[in-house]
Amino acid sequence: MLETQEDRRAAWAEIREFLVRAGALAALLAVLFGVVFGLAIQPDDTMHPHIKPGDLLLYYRLPQRYTAGETVVFDRDGTRYTGRVAARGGDTVEVTDTALLLINGSVVVEPDIYEQTPRYDNGVQYPLTLADGEYFILCDARAGARDSRWFGPVRTGEIRGRVIALLRRSGI
-19 MLETQEDRRA AWAEIREFLV RAGALAALLA VLFGVVFGLA IQPDDTMHPH
31 IKPGDLLLYY RLPQRYTAGE TVVFDRDGTR YTGRVAARGG DTVEVTDTAL
81 LLINGSVVVE PDIYEQTPRY DNGVQYPLTL ADGEYFILCD ARAGARDSRW
131 FGPVRTGEIR GRVIALLRRS GI
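Here our numbering is used: the first residue of the sequence shown is -19, the next is one more, and so on.
Hints are computed from structural coordinates only; laboratory data are not their basis.
None of these values were measured; they are calculated from a predicted model.
Be aware that a few hints might be false.
[To be verified] Below, computed lysine to any residue pairings styled on SDA-like, alpha-carbon distance capped at 25 angstroms:
1) 32 / 107
2) 32 / 91
3) 32 / 147
4) 32 / 18
5) 32 / 89
Make a model of the complete structure from these sequences and hints.
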């Protein structure tokens, strides 16, 4: 069957419309995942049992202030980490020799954390008062984890964003 000139023009118009919509969708996704959201894979078991190795994390990049208990993705010395905010600027943090976490002189009770918070011998000096724009971030699996006990406070500029969702590697 022979196509008419009008049929070919209509087909090309549909193709152009599809390409324009696909380009707009690609641009929207690039903005969303380049500016607003980010993806990271949990590399290790430092956030166990809440986040497991291989889990895909969706994080929100736009907030610039974080509160205690929020899980964040941050970069330190060229390495990406995931941790939970324990304290922020203005707070005084201490990890005692008996593995207690004190914020502003009060013992922090963390019902979802199943390990004590050991003090590192080669870590930061306590008590530590955080400056504005600094956060004390701890991993959920506390023993041996590299977090603020190891390398000190994390600055706002090092935080990539707040974790808002995760996809289990196992699909559960």
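To see whether the hints hold, each was checked on the structure:
1. 32 / 107: Roughly 31 angstroms separates the two Cα atoms, so the pair is violated.
2. 32 / 91: With Cα atoms ~19 angstroms apart, residue 32 and residue 91 stay inside 25 angstroms; holds.
3. 32 / 147: Satisfied, since the Cα-Cα distance of roughly 10 angstroms is no more than 25 angstroms.
4. 32 / 18: Within the cut-off at roughly 18 angstroms; holds.
5. 32 / 89: Answer holds: residue 32 to residue 89 is near 23 angstroms, not above 25 angstroms.
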